[in-house]
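Asker: Chain by chain, the residues:
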Amino acid sequence: MSDRIFGGIGLMLAALYAFAATTIPDSFMSDAVGPRAFPYGIAAVMALSSVWFLFKPDPAPDWPRMGRIAEIGAAALVMIAYAQLLPEIGFVIATAFAAAYLTWRLGSSLLQSAIIGVGTSVGIYVIFHLVLGLSLARGPFGF
Amino acid sequence: MDTLASLADGFAVALTFQNIALALMGCFLGTIMGALPGLGPSNGVAILIPLAFTLGLGATPSLILLTSVYYGAMYGGRISSILLNIPGDEPAMMTCLDGHPMARQGRAGEALALSGVASFVGAFFATWGLVLLAPQLVKVALLFGPAEYFALFALAFMTLGGVSSTNQAKSAFAAALGLGLAMVGVDTQTGVPRFTFGEVHLYDGIDFLVAIVGLFALSEVFIFLEHRGTDKDASTAPKLDIGRITPSWKMLKSCTPTMMRTTVLGFIAGVLPGAGASLGSFISYSMEKKLVDRKGTFGTGDPRGVAAPEAGNNAAAGGALVPMLALGVPGSGTTAVLLAVLLSLNITPGPLLFTQNPDVVWGLIAALFIGNVMLLAMNIPMVGLFVRVLMVPPRILMPVVAMVSFVGIYGISGSSFDLMVMIAFGVAGWVLRKLDVPLVPVILGTLLGNAMEVNMRRAVTIADGDYSVLVGSWLTLALWAVAIVGFVLPIFVGGVVKARMRGAAEREASITD
Numbered sequence: 001m002s003d004r005i006f007g008g009i010g011l012m013l014a015a016l017y018a019f020a021a022t023t024i025p026d027s028f029m030s031d032a033v034g035p036r037a038f039p040y041g042i043a044a045v046m047a048l049s050s051v052w053f054l055f056k057p058d059p060a061p062d063w064p065r066m067g068r069i070a071e072i073g074a075a076a077l078v079m080i081a082y083a084q085l086l087p088e089i090g091f092v093i094a095t096a097f098a099a100a101y102l103t104w105r106l107g108s109s110l111l112q113s114a115i116i117g118v119g120t121s122v123g124i125y126v127i128f129h130l131v132l133g134l135s136l137a138r139g140p141f142g143f
Numbered sequence: 001m002d003t004l005a006s007l008a009d010g011f012a013v014a015l016t017f018q019n020i021a022l023a024l025m026g027c028f029l030g031t032i033m034g035a036l037p038g039l040g041p042s043n044g045v046a047i048l049i050p051l052a053f054t055l056g057l058g059a060t061p062s063l064i065l066l067t068s069v070y071y072g073a074m075y076g077g078r079i080s081s082i083l084l085n086i087p088g089d090e091p092a093m094m095t096c097l098d099g100h101p102m103a104r105q106g107r108a109g110e111a112l113a114l115s116g117v118a119s120f121v122g123a124f125f126a127t128w129g130l131v132l133l134a135p136q137l138v139k140v141a142l143l144f145g146p147a148e149y150f151a152l153f154a155l156a157f158m159t160l161g162g163v164s165s166t167n168q169a170k171s172a173f174a175a176a177l178g179l180g181l182a183m184v185g186v187d188t189q190t191g192v193p194r195f196t197f198g199e200v201h202l203y204d205g206i207d208f209l210v211a212i213v214g215l216f217a218l219s220e221v222f223i224f225l226e227h228r229g230t231d232k233d234a235s236t237a238p239k240l241d242i243g244r245i246t247p248s249w250k251m252l253k254s255c256t257p258t259m260m261r262t263t264v265l266g267f268i269a270g271v272l273p274g275a276g277a278s279l280g281s282f283i284s285y286s287m288e289k290k291l292v293d294r295k296g297t298f299g300t301g302d303p304r305g306v307a308a309p310e311a312g313n314n315a316a317a318g319g320a321l322v323p324m325l326a327l328g329v330p331g332s333g334t335t336a337v338l339l340a341v342l343l344s345l346n347i348t349p350g351p352l353l354f355t356q357n358p359d360v361v362w363g364l365i366a367a368l369f370i371g372n373v374m375l376l377a378m379n380i381p382m383v384g385l386f387v388r389v390l391m392v393p394p395r396i397l398m399p400v401v402a403m404v405s406f407v408g409i410y411g412i413s414g415s416s417f418d419l420m421v422m423i424a425f426g427v428a429g430w431v432l433r434k435l436d437v438p439l440v441p442v443i444l445g446t447l448l449g450n451a452m453e454v455n456m457r458r459a460v461t462i463a464d465g466d467y468s469v470l471v472g473s474w475l476t477l478a479l480w481a482v483a484i485v486g487f488v489l490p491i492f493v494g495g496v497v498k499a500r501m502r503g504a505a506e507r508e509a510s511i512t513d
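Protein chains in written order, with the UniProt record's numbering: chain A, 1 to 143; chain B, 1 to 513.
Hints in this document: simulated from the structure, not taken from any laboratory.
Backbone N, C-alpha and C define an ideal beta-carbon position, used for all residues, glycine too.
Simulated coverage check for chain A against chain B, where a stretch passes if three residues somewhere in it have a Cβ under 8 Å from a Cβ of chain B:
#1 2–11
#2 69–81
#3 103–113
Modelling step: build the complete structure from the supplied sequences, incorporating the hints.
Answerer: See the structure below:
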């Protein structure tokens, strides 16, 4: 069943892609093929393989329970927040929080998580910034 | 003799203090990444690429660092196979079959040392194979025009799913997805933006490094989050006695013919597109089992069963570099990642690479020889150190992987937008892996998409809009024929091979558990 849904989504994606390709404007300079032909080909391959999933689906994978899917979603949200806050609050603070969250969700206790989070963050800062000279995001405190 | 002279020049390039230090660092990090379950060679190289750039390394030093990681990971994979019965990476799966039983008999040290030697033999001779074969392949490739290149790219995509994929439609879908992503951005030939939806950040296209790190490294973090608490944790496995860490001469001698045969076989498997190291170790093991296993000792801790897959997978790793360097078409997932390195350094792999950047090619090959010796030296006496690293539980390791990925990508562009794209790729990678859609064609598509389109358009434009030029020469017809056979054949036999690989691994698991 998963594959059938996947095939349906794939078909929609292919149609969307082909539609987006039709909106590519022409240019004053153009070759014999133009900027749309290749994307049409890609959309065709995508659509054909999606149709294949619809007719010959594989056995469904073991999807995790809702809780675990929420877990993955939450981790993705934390990462998005991290990406947004990184330039605002600086590397060390943002990374300590993000790493602590991830290790907590992977099974560390709360106290351990705090230590591992800070340790990871400071460790990366020392190795990559102080030793290797990589520029990391600077926060209001300069780190 | 030309080749040997070039190789000597290569050694001159590679033997600088910086390059040796980088090779040493790469070998060390690679072995660790190979040994840790969940971090394979592709992941390892993917995480380190952005770092190599942000450190401002030149082309040759970056490549030396990253290929050392690649070779190192191939060595490292065996450590956790033998000690924990968990393959450190996919090619090391077959090493579990005899390696772990040996460890249970108190011969873990011997198994580790023997597999180290076998890895060295495989990689060493495969690097010679690369030296000899790549320049020959270059001569063929010089005959290629745009139409032939288009056919060659198609061949790469159609065979990549190959024997390791169970469902060719999924490989095709993955390739289309990758190619589709490559189209995003301003069209290089006409200057019109495509699929950018007005987002300025997308005008440059999607950086394939962002895609690679997201798909490989971040999706691994999500996989661990999903399986938390259900998998065997490396740190809870019973501690095994390592025993002596030098193999006896008798054992080495009895394994020599095995190592020789499997090196050749592995190398061929590596050169062929779409096969790669996993297949190399698999067919090596099964061939040796058929040939020499008269007493039925394979699977119960036979040293030859340890030597065969290790020599095979390391030889395949070297073999996979041949098409990547000579044609610009990678033969496996990790070489696809290495191709990304070349492209980001503005080096176009392929026949011209050997004439335009001989220092890069030969310096790299020389570095492989040096790295190999380092790895042998590192892997026999220092194996205890790597064993200790294995005890780092994933709950500490995975956050570090995620954070280092973020650091690397942010270091390149300094933009939060790229990080968001990377997270999106991470989630997409997790979903695709759940659906058994291979990720390597996606990567290859984003890497080669533009080159493939440019060659197609160039060929048709030269022929004044006549599409039949794409199948207009014998060379193109031959390439298309191989591509079609490579795509269709696995539908009939590929499922069988994959099922056997899995079956073998599962039988083994059921015996020991």
